Amino acid sequence: DALLARAFGGRALGAALPAWLPGGGVCGSLPMRRIARARALKRIDVERELVDVHRRRVEYRRQAEDERRRQQGANASQRQADMAGREWRQEARAASPVSSPSPSSSPAPTPRGSREAA
1 DALLARAFGG RALGAALPAW LPGGGVCGSL PMRRIARARA LKRIDVEREL
51 VDVHRRRVEY RRQAEDERRR QQGANASQRQ ADMAGREWRQ EARAASPVSS
101 PSPSSSPAPT PRGSREAA
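Under the UniProt record's numbering, think of the first position of the sequence shown as 1, with each following residue one higher.
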């Protein structure tokens, strides 16, 4: 093994080694082989690792759901503000001709009258 590892620059690839050598042959990625070896040597508790991964996934999903709800609330309040602004502008437009004549209505008869006279 040491000679083969030295021949491959200190990092013997599993596929480069014959299957009958330890760690040889194609049997998964290097991290998976390391996990399998640690599992066999009882260095890691697989069940605890799986529970930890599940807990982190649940926490991530909860955070994503909270962020989605917060964003939806912000979008709803923005829509309400937009609608209030539109209503205010419509009311302002509707009230403006009553309080003062619009500039487009008063000068319009003058040019027509001057054209008819000319």
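These are calculated hints, taken from the structure and not from any lab test. Treat the hints with care, since some could be wrong.
Using C-beta positions, here's what the derived DEER-type ranges look like [to be verified]:
| id | residue 1 | residue 2 | range |
| --- | --- | --- | --- |
| 1 | Arg-79 | Leu-41 | 54 to 60 Å |
| 2 | Arg-61 | Arg-37 | 52 to 58 Å |
| 3 | Leu-50 | Ser-77 | 55 to 61 Å |
| 4 | Ala-81 | Arg-43 | 54 to 60 Å |
| 5 | Glu-49 | Arg-86 | 53 to 59 Å |
| 6 | Gly-73 | Ala-40 | 35 to 41 Å |
| 7 | Glu-65 | Ala-92 | 52 to 58 Å |
| 8 | Arg-68 | Gln-90 | 41 to 47 Å |
| 9 | Arg-43 | Glu-65 | 53 to 59 Å |
| 10 | Gly-73 | Val-51 | 43 to 49 Å |
Because the structure is a prediction, the values reported are computed rather than measured. Idealized CB from N, CA, C, for every residue including glycine.
Consistency of the hints with the structure:
1. Arg-79 x Leu-41: 54 to 60 Å: Taking Cβ atoms as reference, Arg-79 and Leu-41 lie about 59 Å apart, which means the hint holds.
2. Arg-61 x Arg-37: 52 to 58 Å: About 32 Å separates the Cβ atoms of Arg-61 and Arg-37, which means 52 to 58 Å is violated.
3. Leu-50 x Ser-77: 55 to 61 Å: Violated - the Cβ-Cβ distance for Leu-50 and Ser-77, about 41 Å, lies outside 55 to 61 Å.
4. Ala-81 x Arg-43: 54 to 60 Å: Since the Cβ atoms of Ala-81 and Arg-43 sit about 58 Å apart, the hinted range of 54 to 60 Å holds.
5. Glu-49 x Arg-86: 53 to 59 Å: This hint holds: roughly 55 Å between Cβ atoms.
6. Gly-73 x Ala-40: 35 to 41 Å: 51 Å Cβ-Cβ, so the 35 to 41 Å window is violated.
7. Glu-65 x Ala-92: 52 to 58 Å: 41 Å, violated
8. Arg-68 x Gln-90: 41 to 47 Å: Once the Cβ atoms are compared, 33 Å apart, the range 41 to 47 Å for Gln-90 and Arg-68 is violated.
9. Arg-43 x Glu-65: 53 to 59 Å: 36 Å, violated
10. Gly-73 x Val-51: 43 to 49 Å: 33 Å, violated
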